[in-house]
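K.L.:
Required output: the full structure, derived from the provided sequences and hints.
Protein chains: 6
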Amino acid sequence: MFFHRQELQHHATPDKPDAVFARKLQEVLGGQYGEITVAMQYGFQSWNAHLPGKYRDLLYGIGAEEFGHVEMLATMISQLLADAPVGAVEGAVQDDPTVAAIIGGTDPQQGIVAGAGARPVDSNGNPWSAGYVTASGNLLADFTANANAEMQGRLQVARLYHMTDDHGVKDLLAFLLARDTMHQNQWIAAARQLREEGVEDLPVPSTFPLGKEDRDVAYQYINFSDGEHASEGAWASGPTPDGKGEFTYVAEPPAGVPMPPPTQPDPRFHGTTPKPSAMEKATGAVKDALGKG
Amino acid sequence: MFFHRQELQHHATPDKPDAVFARKLQEVLGGQYGEITVAMQYGFQSWNAHLPGKYRDLLYGIGAEEFGHVEMLATMISQLLADAPVGAVEGAVQDDPTVAAIIGGTDPQQGIVAGAGARPVDSNGNPWSAGYVTASGNLLADFTANANAEMQGRLQVARLYHMTDDHGVKDLLAFLLARDTMHQNQWIAAARQLREEGVEDLPVPSTFPLGKEDRDVAYQYINFSDGEHASEGAWASGPTPDGKGEFTYVAEPPAGVPMPPPTQPDPRFHGTTPKPSAMEKATGAVKDALGKG
Amino acid sequence: MFFHRQELQHHATPDKPDAVFARKLQEVLGGQYGEITVAMQYGFQSWNAHLPGKYRDLLYGIGAEEFGHVEMLATMISQLLADAPVGAVEGAVQDDPTVAAIIGGTDPQQGIVAGAGARPVDSNGNPWSAGYVTASGNLLADFTANANAEMQGRLQVARLYHMTDDHGVKDLLAFLLARDTMHQNQWIAAARQLREEGVEDLPVPSTFPLGKEDRDVAYQYINFSDGEHASEGAWASGPTPDGKGEFTYVAEPPAGVPMPPPTQPDPRFHGTTPKPSAMEKATGAVKDALGKG
Amino acid sequence: MFFHRQELQHHATPDKPDAVFARKLQEVLGGQYGEITVAMQYGFQSWNAHLPGKYRDLLYGIGAEEFGHVEMLATMISQLLADAPVGAVEGAVQDDPTVAAIIGGTDPQQGIVAGAGARPVDSNGNPWSAGYVTASGNLLADFTANANAEMQGRLQVARLYHMTDDHGVKDLLAFLLARDTMHQNQWIAAARQLREEGVEDLPVPSTFPLGKEDRDVAYQYINFSDGEHASEGAWASGPTPDGKGEFTYVAEPPAGVPMPPPTQPDPRFHGTTPKPSAMEKATGAVKDALGKG
Amino acid sequence: MFFHRQELQHHATPDKPDAVFARKLQEVLGGQYGEITVAMQYGFQSWNAHLPGKYRDLLYGIGAEEFGHVEMLATMISQLLADAPVGAVEGAVQDDPTVAAIIGGTDPQQGIVAGAGARPVDSNGNPWSAGYVTASGNLLADFTANANAEMQGRLQVARLYHMTDDHGVKDLLAFLLARDTMHQNQWIAAARQLREEGVEDLPVPSTFPLGKEDRDVAYQYINFSDGEHASEGAWASGPTPDGKGEFTYVAEPPAGVPMPPPTQPDPRFHGTTPKPSAMEKATGAVKDALGKG
Amino acid sequence: MFFHRQELQHHATPDKPDAVFARKLQEVLGGQYGEITVAMQYGFQSWNAHLPGKYRDLLYGIGAEEFGHVEMLATMISQLLADAPVGAVEGAVQDDPTVAAIIGGTDPQQGIVAGAGARPVDSNGNPWSAGYVTASGNLLADFTANANAEMQGRLQVARLYHMTDDHGVKDLLAFLLARDTMHQNQWIAAARQLREEGVEDLPVPSTFPLGKEDRDVAYQYINFSDGEHASEGAWASGPTPDGKGEFTYVAEPPAGVPMPPPTQPDPRFHGTTPKPSAMEKATGAVKDALGKG
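Protein chains in written order, with the UniProt record's numbering: chain A, 1 to 293; chain B, 1 to 293; chain C, 1 to 293; chain D, 1 to 293; chain E, 1 to 293; chain F, 1 to 293.
Do not rely on the hints blindly, as some may be mistaken.
The list treats identical chains as interchangeable, and a pair is accepted whether it falls inside one copy or across any two copies.
Derived lysine-lysine pairs resembling DSS-like cross-links, with alpha carbons at most 30 Å apart [what the hints assert, rightly or not]:
1) Lys244 x Lys16
2) Lys212 x Lys244
3) Lys170 x Lys244
Hints in this document: simulated from the structure, not taken from any laboratory.
Computed from a prediction, not measured in an experiment: that's the story for all the values here.
P.N.:
Pasting the structure below:
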């Protein structure tokens with residue numbers, strides 16, 4: 001169950017309206033790595049968790065905070081829009097080019113659709129999509145997804161920090177930056193602890209028997225480009241992070257296998273198929289090449 | 001520039017057709033963490049990279065391999081569909097309930113749209129979306145995204161492995177599992193090396209001056225749920241992974257700040273606004289509470 | 001701010017697993033009118049509200065309940081999936097046609113992507129989209145949107161009620177049906193009160209001066225089809241619900257106005273445009289018809 | 001069957017081009033509540049209608065008008081774009097800041113993709129999606145959806161009215177405002193008549209037996225936020241609009257029920273699950289709490 | 001303006017219900033190449049047309065027919081769903097495996113959302129998207145798009161024809177097949193006539209001065225794969241269809257140009273950038289290679 | 001298998017940065033007809049091809065080139081963004097209106113999300129969608145789709161050519177225009193050859209027996225609008241392009257057939273249905289009209 005309290009975790013009041021920044025700020029509210037994403041992601045991870053105890057409590061405890069961040073950003077955006085210009089560009093520009101330039105940089109839907117309000121969209125107006133959410137039921141994979149989400153999120157807030165001079169906005173962003181610092185650290189720590197406690201291990205999923213994968217190529221860096229410097233990386237030699245192998249470097253991909261002959265679906269699919277004789281020949285050739293003929 | 005060779009990196013031929021599995025396999029071709037995602041993601045990361053040398057070569061080298069994996073899976077799916085049933089369910093079920101059940105589990109668009117062919121969609125038929133791609137220009141964030149992508153990808157392949165008895169299919173999946181093992185290890189190793197070489201550090205982005213974030217809350221676990229076990233985790237006490245602080249546990253969120261008064265946009269937005277007198281009262285009350293009145 | 005408590009508002013435990021119903025139940029979790037929609041919708045309406053007091057408190061008070069409903073449904077779905085079949089259809093069907101039929105009706109992503117868990121998608125696997133949300137800042141419009149959402153939602157739950165025999169599931173649905181009954185009644189009552197208190201009125205937005213709209217056609221039913229029975233409706237004669245006019249019935253649309261001449265954009269757009277002489281003639285003809293030549 | 005006549009229902013010619021407004025006007029053509037939405041919505045409602053007679057004739061009669069509104073808006077937008085600037089911003093701005101500001105506010109796809117033409121998208125360029133359409137087969141629910149659509153639509157047109165000084169544009173908007181006034185009134189009247197005639201009733205769907213829902217909570221306002229003013233509303237006491245109950249106000253949500261124990265899916269889903277002993281303990285505790293142990 | 005008549009262009013009544021086929025038939029109603037696509041496509045092409053006369057009349061004349069096809073298919077789908085099973089799979093399968101298999105193959109949203117009605121979606125339930133529509137303002141390009149749309153559409157109807165035994169359904173499909181035959185022929189004839197009359201020519205857009213494109217590579221087939229047979233095609237030698245050149249075959253792509261040095265954005269974007277010294281070296285090397293240093 | 005070489009097919013370096021054009025150029029990278037579309041389209045067509053030899057080699061050979069074009073455009077966009085402004089609009093505009101105007105016209109996600117980098121989106125920021133891809137397995141249909149894609153693509157590049165003065169950009173566009181000239185010609189030539197060789201024919205699919213379609217209406221132009229000029233076109237009389245008929249012109253659509261009676265689904269779908277007596281009457285009337293009663 002969720003409960004709401006009519007307070008904000010931190011001040012969210014700009015010094016003055018700024019309709020252009022109100023559009024940009026939508027990114028960290030409703031974008032791929034905005035607050036809606038992490039709120040929903042931690043929620044679904046908790047509801048799909050199979051392990052009671054500290055890891056699930058962590059997901060519950062952070063998820064609710066993130067819904068509050070959605071609220072803080074929406075509140076801030078509404079205020080940034082408070083005096084959004086309503087009028088026409090062409091008239092405006094004759095009086096004041098600043099206003100004209102602002103109109104060019106605003107999100108028209110914040111005005112037309114929301115009446116100068118925040119929307120569940122990103123800075124280009126794409127509606128938030130649940131296609132951004134990751135919740136697999138495997139905690140090591142998901143905590144890595146979460147660490148990434150907090151990294152991308154903090155990076156975007158840091159970029160936004162330099163796109164405004166408003167002290168009220170910067171004050172909120174400074175708070176969000178710090179919480180993202182915490183959350184990055186937290187998911188990395190949680191992922192490590194999963195491994196230290198033997199709950200999960202690399203490679204994910206560690207419960208799949210390694211003997212069933214094709215171990216010959218499990219630690220090879222195979223270079224499909226012509227850059228030579230990848231051989232210098234920590235991924236080209238030395239022990240692997242999963243502690244189960246040694247990296248090797250394969251400068252050129254080995255020869256592949258011939259493609260199987262093209263399929264011949266039921267004629268009622270009306271695909272373009274060869275005349276029987278042509279096909280026989282082609283199939284024969286491929287089979288020969290495959291040594292299966 | 002990209003070049004194509006008419007070979008596959010590994011065999012991709014099933015023992016026999018299986019139209020139901022052909023649908024499921026779409027997930028790792030065109031789903032959120034399918035091969036199209038990683039191919040495009042490594043591509044955009046390389047094109048947006050600012051650092052020449054081994055890290056960019058790594059992105060180039062792996063990206064092209066992943067486009068080849070797209071091809072392998074599409075080839076496999078086409079063959080699994082080779083004898084997809086065309087007829088009506090109700091007729092079929094009287095003769096053969098197996099066929100009827102199969103039809104229920106197939107992707108109708110593989111037949112109607114692609115003529116028994118693979119499609120750039122996931123196992124529910126959602127078209128692949130570039131909204132899945134992450135390429136921020138910050139390599140530590142992006143390599144973490146990549147590690148996650150390979151974890152989620154291997155997890156899905158491992159799940160699919162148990163949903164078929166076909167040796168040809170399992171042989172391909174065993175190959176993909178091994179490559180995902182490599183790629184998980186590789187991105188983790190690369191992320192570590194970025195930190196060891198001092199190119200990047202935690203928290204991401206490490207180039208944002210920490211003094212500008214709200215350091216008081218940068219290492220606090222604040223518990224917004226009523227579970228008590230999160231206090232036992234490695235994220236609740238001890239040194240933080242970024243090496244710059246100590247985790248603390250805050251059992252109950254501190255009191256928040258009052259919400260700012262609701263906005264009063266231009267009346268030409270036709271929002272529902274209070275009568276002037278009511279509004280003055282409300283604003284006054286909030287300002288008093290904020291101590292700003 | 002939002003707070004989470006590790007309880008559910010109502011029991012959400014099925015008598016036994018049912019992977020097919022787990023797919024169907026996704027509709028009221030992540031569909032157009034599922035719980036995510038109403039939770040987010042009431043949230044954005046509250047954050048964009050300009051009127052403090054009972055209406056905004058109502059939005060806050062209900063929004064948090066709906067996030068709890070998201071949790072209840074996700075919890076139920078996870079349990080319905082607890083014993084989801086993993087194996088292949090064709091093998092299964094030989095042993096047990098029931099299992100085969102079930103596999104055909106399941107959502108493959110609940111297994112492959114979520115590991116037998118709930119997902120933020122609808123019953124066809126479409127990811128939830130913020131394009132479903134309505135939050136305009138005008139409360140009379142938005143409460144009408146909310147009444148509709150609760151009607152559509154209760155209708156879908158009522159349909160699902162007959163698609164299962166599971167007492168645990170039916171018990172949860174009975175609870176949700178009742179809450180939707182409340183919420184329908186509540187939004188209708190709130191919309192009425194807005195009008196009774198003179199805060200808003202019909203037509204929405206009531207603050208737009210009626211004198212500026214084309215009053216001649218403001219209460220005409222114009223029949224663009226050849227059915228004759230629409231003339232019998234309450235919308236074809238009598239006073240209008242906004243109390244400002246009388247309905248009239250126009251059996252056949254009056255003659256329209258000529259279309260304006262086709263546009264002739266800059267040739268650098270490379271559209272298909274007429275030779276100058278042809279165009280002059282065409283434009284002339286249209287202008288004559290318009291009486292503007 | 002649909003027939004087209006090469007006339008418009010109303011004049012749709014601007015006084016002069018305005019590429020910035022051409023972008024904004026897309027909202028009421030191809031947005032969530034634009035003319036495409038209502039045209040398609042009334043269409044699908046009529047095709048899914050089960051009740052012949054006046055209600056279905058109403059849907060047919062209005063649907064075709066709305067397709068004509070799509071055409072009027074597209075025609076207007078094309079003309080607003082007739083002299084859309086083609087050149088580069090930076091060059092332009094040195095000569096004329098107005099042109100530069102205009103370019104900033106235009107939809108680039110109207111030029112690049114449509115050659116200075118209208119597109120089936122909203123004012124942020126999101127393609128129209130059938131996810132906006134509501135057609136449930138239940139007329140009381142759907143007429144409420146329609147009333148909402150016409151309210152949101154008229155609200156957006158009213159906002160656009162103040163964003164232009166062009167008399168030709170305002171003339172068309174004045175016509176659309178009036179038709180939306182009619183359509184709001186009409187759907188409200190139709191919804192009322194459904195109830196008065198006993199065809200449908202509240203709560204929707206009225207054919208679901210009330211005895212099967214959880215009547216104890218069917219008229220409770222349960223306050224999940226800490227605002228106190230919701231108790232003052234018409235939804236907190238007094239008779240309910242469905243005429244079947246009395247509202248009550250529950251200031252604080254009653255205690256919930258314990259969450260069910262986390263699920264333990266088949267290990268071949270490779271979720272993160274507890275060690276057997278830990279799990280037994282956890283399950284036991286929950287079962288005790290549930291009183292089912 | 002559009003007018004509706006309560007008739008269908010052709011019979012659209014199945015012999016008996018078939019809920020599985022009702023799902024499949026959605027493809028040609030609401031899929032990428034379904035009737036909604038062509039109706040909207042011809043509409044937008046006509047509204048964006050710059051050339052009055054026969055070509056625009058053609059677009060108007062066909063567009064309205066296609067809206068009628070939307071209606072015919074929706075009507076057919078509703079009837080196919082008339083007796084859609086409501087009950088649970090597991091109960092059903094014990095009585096009747098046919099019913100269970102059917103449920104597996106149905107679209108759950110046709111029942112839960114539309115109450116056994118048609119929906120504006122494809123056979124996998126993806127909502128129709130205006131991203132499918134093409135309307136560029138260039139008639140030669142757009143008529144080619146239309147020819148393709150009618151080819152893909154007829155192909156899908158032909159595939160569906162073999163997926164049913166129902167005479168009523170087949171009768172409607174036979175009608176649609178014939179209309180698609182007409183429309184394919186018509187768009188090809190119209191595209192030819194555009195060229196014969198000198199209104200448009202190849203390559204599209206023919207109004208762009210050829211001298212400004214890079215004529216050296218304007219007729220080269222450059223082979224980026226290792227197949228040798230492309231050299232045998234009509235695109236590898238002989239005159240080109242635009243009548244302005246001769247095809248040549250380039251067996252191996254010529255050497256490319258070095259990549260430009262990676263970009264170094266403003267540090268406030270926090271991308272991963274080299275240390276200054278490393279960068280100078282890298283840039284120098286690339287400049288040397290480019291011969292621009 | 002795909003291989004990458006660290007070269008570009010053509011120079012892709014602008015003379016100077018231009019963040020506004022960087023946004024516009026996204027259209028031909030990630031739009032409906034951008035390079036990602038053709039690269040993926042030719043890829044899926046080759047993987048779904050059933051005919052070995054020159055046609056499939058053609059698809060392979062071009063597909064890889066297009067992936068290289070994706071890379072060239074991404075490289076160009078990154079450089080155009082190299083000095084993208086970071087600061088606030090309002091501050092900037094006081095110093096320099098050019099900068100303010102530029103900010104208004106930029107894509108905020110190129111900065112906030114990609115750190116001044118290219119993204120897999122169009123010029124309005126819509127993520128690329130696999131819903132743009134066509135790959136049916138029928139080569140005549142698909143080559144027509146390809147011809148259209150290259151026409152639309154070249155048209156967009158031609159429009160962009162006039163939106164910049166930058167010589168470096170124009171040089172790349174001149175190269176792309178020429179390659180699109182080639183590809184248009186090539187697909188037209190390939191489509192012709194399919195027919196000349198008797199592999200495919202019109203109407204698509206030519207393998208569907210014509211006798212099963214409704215030949216009476218297979219070559220009729222039926223005019224659903226009131227324009228008279230369509231009768232003058234090559235599609236209104238004379239032989240049809242498929243060589244199998246003669247066009248005829250039907251000035252007015254013939255009378256249709258009565259609509260079937262509305263459906264009466266299971267009452268548990270809770271649709272709005274007539275009272276039994278009303279329904280009997282209605283059904284009877286329709287049946288009479290249909291002559292089936």
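K.L.:
Now tell me, hint by hint, if it's right for this structure.
P.N.:
Results for each hint:
Neither within a single protomer nor between protomers do Lys244 and Lys16 lie at most 30 Å apart by alpha-carbon distance, with minima of 57 Å and 35 Å respectively. Taking identical chains as interchangeable, the C-alpha atoms of Lys212 and Lys244 lie at most 30 Å apart only when both belong to the same chain, with a minimum of 15 Å there against 42 Å between chains. For the identical chains of this complex, Lys170 and Lys244 are inter-copy neighbours only, at 23 Å across copies versus 46 Å inside a copy, given an alpha-carbon limit of 30 Å.
Violated hint for the displayed structure: number 1, the only one.
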